[in-house]
Amino acid sequence: MTHNVMIVDDAAMMRLYIASFIKTLPDFKVAAQASNGQEALDKLSEVPNIDLILLDIEMPVMDGLEFLRHAKLKTRAKIVMLSSVAVSGSAHAAKARELGADGVVAKPSGTVSHDLEEKAGDELARVMREQFANA
Amino acid sequence: MSDEMDEIWALYLDDGAQSLDQMENALLALQEGDEASAGEHVSALFRAVHTFKGNSRVLGLATVESRAHLSEDLIGLVRDEGVPLDEEIIDILLYAGDVLREMLEQTSANRADVDGSSSEELMDQLRDKIARCKGEDPAAAAGGDAAPAEAEEAVAEPVAEAEPETVAEDAPAEEPVAEAEPEEPVAEEAAETEVAAEEPQAEPEAVDEPEEAAAEAVEEAEMPVQAASKRLIDDPSYRDIFSGMSEGAIAKFRQFMTDYPGDVSGTYAAAKREADNLHHAAGQMGLDEWAETLSAFMEQPESNAETGVELLAALVLRLEELTRLDLTDEVITENTSDATFFEAIKDALGILSDIGTNWSVGEEPNPERVATAAAHIREVSDGRGLIRVGDATKRIEEATNTKEYRAAELYLYEELAAVEGVLKDEAAASSISPSELLRAWCAEHAFDTLAAVDGALIGLKKGGEVDKHYSAFSRNMRLIFHACIYHKLDTAGQLAMSLIDLFGRVQTSHSAPDSILMHIARGFTDTIELVFDALEQGEIPDTENLDILFEQASNAAFAQEGTMTATAIERRLRLPDRFHRVLSPESVRAASASIEASHHFIIIRTDINSDVELAEKFLEWISAPNIHSITNVTVFRDEETLFDFLIASPLDETEVLSALTEMDPSGKLLSIDEALEDHAAEVSEDEGSLAGDVDQPISQGPGLTSEMLESISEVAASQAMVNHMLSDLAETGLAESVEAALRMADKDLEGSSSTIRKVVSEFTSRLQEAAQVEAQLVSQMAHLQEQTVAIRSRPLDMLIRPLEALVGTLSRKNKTEAKMTSAGGQMSIDVTLMEHLRKMLRVLLTERLSDDKAPQNIHMSFHRDDERVLVTIEDDGQPMDEAGLRTQLDMHLKSTSSDLRLIELPGNKGMRFHISMPLAMVVLEGMVVGIGGIRYVIPVDTIQSIVQPRESALRPISAANGRMVLRMEDGSMISVHCMDDRKATSMRDADANGNRRVFVVLGVGDKTLAVPVDELLGQQLVLLRPLRGVLRQMRNLTGIALLAGGEVGMVLSTNSLMSDAVEAA
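Here the protein sequences come in this chain order: A and B.
FYI, the UniProt record's numbering numbers position 58 of the first sequence as 58, with every residue one higher than the one before it.
FYI, the UniProt record's numbering numbers position 687 of the second sequence as 687, with every residue one higher than the one before it.
Don't take each hint at face value.
As the list claims (entries may be wrong) - Restricting the straight-line Cα-Cα distance to at most 27 angstroms, the calculated cross-link-like pairs of lysine-lysine (BS3-like) are:
no.: 1; chain 1: B; residue 1: 617; chain 2: A; residue 2: 119
no.: 2; chain 1: A; residue 1: 43; chain 2: A; residue 2: 29
no.: 3; chain 1: B; residue 1: 252; chain 2: A; residue 2: 74
no.: 4; chain 1: A; residue 1: 119; chain 2: A; residue 2: 29
no.: 5; chain 1: B; residue 1: 819; chain 2: B; residue 2: 853
no.: 6; chain 1: B; residue 1: 346; chain 2: B; residue 2: 468
no.: 7; chain 1: B; residue 1: 819; chain 2: B; residue 2: 488
no.: 8; chain 1: B; residue 1: 134; chain 2: A; residue 2: 43
no.: 9; chain 1: A; residue 1: 23; chain 2: B; residue 2: 424
no.: 10; chain 1: B; residue 1: 346; chain 2: B; residue 2: 272
no.: 11; chain 1: A; residue 1: 43; chain 2: B; residue 2: 424
no.: 12; chain 1: B; residue 1: 468; chain 2: B; residue 2: 488
no.: 13; chain 1: B; residue 1: 272; chain 2: B; residue 2: 252
no.: 14; chain 1: B; residue 1: 853; chain 2: B; residue 2: 839
no.: 15; chain 1: B; residue 1: 853; chain 2: B; residue 2: 424
no.: 16; chain 1: B; residue 1: 468; chain 2: B; residue 2: 403
no.: 17; chain 1: A; residue 1: 74; chain 2: B; residue 2: 346
no.: 18; chain 1: B; residue 1: 894; chain 2: B; residue 2: 839
no.: 19; chain 1: B; residue 1: 909; chain 2: B; residue 2: 819
no.: 20; chain 1: A; residue 1: 119; chain 2: A; residue 2: 23
no.: 21; chain 1: A; residue 1: 29; chain 2: B; residue 2: 488
no.: 22; chain 1: B; residue 1: 839; chain 2: B; residue 2: 488
no.: 23; chain 1: B; residue 1: 488; chain 2: B; residue 2: 424
no.: 24; chain 1: A; residue 1: 23; chain 2: B; residue 2: 134
no.: 25; chain 1: B; residue 1: 853; chain 2: B; residue 2: 488
no.: 26; chain 1: A; residue 1: 23; chain 2: A; residue 2: 43
no.: 27; chain 1: B; residue 1: 424; chain 2: A; residue 2: 74
It should be emphasised that the hints constitute simulated quantities derived from the structure, not laboratory data.
For clarity, every value in this text was computed on a predicted model and none was experimentally measured.
With the hints as extra help, turn the sequences into a complete structure.
Written out as structure tokens, the structure reads:
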């Protein structure tokens, strides 16, 4: 079964990197992309059957935590934070957990992590698959 | 039929017409292309059809309901699934509106459901369109068969809803999805089943396949209880009508009790008619117990007066009981379209809570009541797109025991608290706060929850069933988080969430938590248990350990990596604050390696978000072997999104700039923002001499140094020598030696004089030797005292650095970037005083930075006059509660006799705090002087000059009662103040040795004063001690100091002297 993914990140290059990484995962496909939280909320209404959202935190217009707060009420899609500020044990990571993030992964080299696949690819794939392990 | 039933049908007709009008208006508006309000029109359309469907269902009009239901499904695709609203959908829905209006009129006239065959065309169109919108095969859906489409939905829905949840070990909610997601909402399924039963023509397979037909029959047979869960009486309008009807009937039955003896037959017949009417209405309402009671009454034959009255009395009592049960307690607000979300679910939530409470004391719940309340909440929440609340209600319905019920209820409240987080105003307006209820519950059960956390930790340590223990840890820690927030223990709450995060990441890697993590978790549970216990006892808990654990948790990732911490890298490179939050262990590892390799660290500002080609070129460049991309951070500038890249490279700044210019000749999109240096030496020095943790007491220093030990040995040796010499002298017997000399010379004084002179001379010589050794001893003691003073003296920088770190930590917790600046850090104070100051400033900063509107800028300055250490803290935060702060600082303020003042800056620009501490135990550099046989210490920093003026420079001023002034060489006149009682004129006299008198000129601000002294004894560091007891009343003195020679010196208060001089003038 293929799971539909929405990528939410304000960095255009990062969206490309993430999308490129997802192409390497046969059980996932990119169904939508958004550059901020508000756009992502709109996409949730427009694009049906999103199963997983990969969500950045620091974004203009509406940040990832605010999006998380709203989206967790309205969608059953799994939400995995993928952010440079979501370092293990950080305040942002804790807040994301508080608001109901289903998984948290730190970008390895900052906002634009060109080495995402190399340094965090395994972890990200594991967290993504874990969301559907019991489905 | 009764008047009330007429009223019910009239109400249905009226409501239905209004709903259909709203439907039509919304469709026409959408047809006209009102795009700005399209969302509102679609929502209104959905609500109208939803209401119509609900009304039809409660009256048992299954065919009407099924048509409305399918129409609602089509609208739902537009509203929730992003299906574009096209002309075809509008046309179909307009057609549906017409059909439903016709049905409304028919059913209202006939008070019965309509024949479904005439609306098959509508059903086909709806099914066909829905199938196409969903990307399914229209032929399969439009085959005139409602069942497949609905069956398909029933299958698809659970899959879409399937989700593994992390909840308490023992609750059903934590079970895997299969159990957590049972079926469609009960009432919906029941309705659909009825539709299928009424439309045999739409179920050809049922005829051809007996087994399926039988299965459906079984399904139908099992449904009545669920179908009854949505009764007419649940609608408040109908409930009101029936209430009025039953009230009137009960009043009549009471009257019949009076009338019965006088007219048995007539009253019996009237009572039976009344009972029949009420029985019919109760049946329509779905009030089975009412119907049974009234049936039983009607079955009674006419009886004599006494029996008849008893029967009527029993009926009245029973009806009153049923009224209490069915009509008074559970009035659920149904007005979901206008009421706020929380108002709309308030009653149902109360019912579920009562059920839970009653169940816990042994009263079995009525499944219908549970289902009704849960369905109501689900309907309201689904109507607003709050689907997770709806999911939570299903768990409540599935609960089979009190434990499961409570777990499900808790889960529901967590979801509602999340809604409250978004709809704060609505929650406040409805006076309901699920989050507060949730927190209170968690606080009440905190000790049990902590036991469960401990159990999970033990399980994790033992190994086996790791996922189960992780889930239990996470679930229960979340409840502890709510308990912490209830008690306003924000740091503890955040630590709980950090632990969930840290354990969650380890769980993902399918490994066991390491010892560091286990240590932090156990430390947390142990500490928070003590904190909760203290709070329960009404005591003030000690939460300092939580702050330490919080720091450990923040650095756990780095500790696990075994690398330098992010803080260490920040200090080495003096990284700008914006990089703080993006330093991952990978970044730190890369930075460490580059520091080792002595690479250049450079921050490059890039504007590449809208230029993919340049972005690719740049990212390719930083991926080259000679460039190490450490990290990067987003910088929002106006509307632009920029990125600052921190790189390390063997290339220097010029070479990097050259490379950037090659990629971006304009220099506008790629530029060097800053070149960083490695401050290893300073950091090393800081780490060696300056404490880094504001939570740790100020270091008491190295204790006795080897130099001090040497000095002490010298003092001891000198003291022993002086003692020996004095003993020798005492034993010498000078008088006896003189007498012996006289005896030798036959008492001839002249003849013995040379001998006597020699004896005395030797004695004097030995006495002088002793005096020299004693002088050496005094000098050694003075040196030792200076060493002691120096060793207790600390620069305030030692306090400031950890405070800056504290500000950083606290502000990060609040996700702000507060900055602290300081002045006066070079000043030294005694370590004890600094320790008191540390505690006070820590409390103050914690209070300020825990505020919702915490300051962004804090400036701290230290000053000292000859009496007090003054600390001024100024920030741009909100006004704060002075009493609360004083309570926290009370102990320190009292123990140090310090003062605290709070000042709100004008224009709400912030706060200023003044802490004034007496110079108790302060290290002071003083000039020791002698005046009238007394030793005084004058703070060196207040001395402007020391002069020996000519007699003519001292003049009395007659206008100032003959007060003496000193005319300085620059012509300025300085008032003279005598410390002893000598007359002013005597100041002009030379001293006993004929020397001109010495004057010490003091200055504070623009005030000056000259003090005549008898002798200058030298400058030395002294440890100031406060005056205690009656000594505190002495004027012009700050305190006392033990001087090097063992004497006591009085430390002059320059401020006080100045004030006295002004008064005297």
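Hint check:
no. : hint            : in the structure
1   : B:617 <-> A:119 : holds, 21 angstroms
2   : A:43 <-> A:29   : holds, 16 angstroms
3   : B:252 <-> A:74  : violated, 52 angstroms
4   : A:119 <-> A:29  : holds, 21 angstroms
5   : B:819 <-> B:853 : holds, 14 angstroms
6   : B:346 <-> B:468 : violated, 35 angstroms
7   : B:819 <-> B:488 : holds, 25 angstroms
8   : B:134 <-> A:43  : holds, 17 angstroms
9   : A:23 <-> B:424  : violated, 41 angstroms
10  : B:346 <-> B:272 : violated, 40 angstroms
11  : A:43 <-> B:424  : holds, 25 angstroms
12  : B:468 <-> B:488 : violated, 30 angstroms
13  : B:272 <-> B:252 : holds, 11 angstroms
14  : B:853 <-> B:839 : holds, 23 angstroms
15  : B:853 <-> B:424 : holds, 19 angstroms
16  : B:468 <-> B:403 : holds, 18 angstroms
17  : A:74 <-> B:346  : holds, 20 angstroms
18  : B:894 <-> B:839 : holds, 13 angstroms
19  : B:909 <-> B:819 : holds, 16 angstroms
20  : A:119 <-> A:23  : holds, 17 angstroms
21  : A:29 <-> B:488  : violated, 43 angstroms
22  : B:839 <-> B:488 : holds, 21 angstroms
23  : B:488 <-> B:424 : holds, 19 angstroms
24  : A:23 <-> B:134  : holds, 25 angstroms
25  : B:853 <-> B:488 : holds, 16 angstroms
26  : A:23 <-> A:43   : holds, 21 angstroms
27  : B:424 <-> A:74  : holds, 17 angstroms
Checked against the numbered hints given earlier, the structure breaks hints 3, 6, 9, 10, 12 and 21 and satisfies all the rest.
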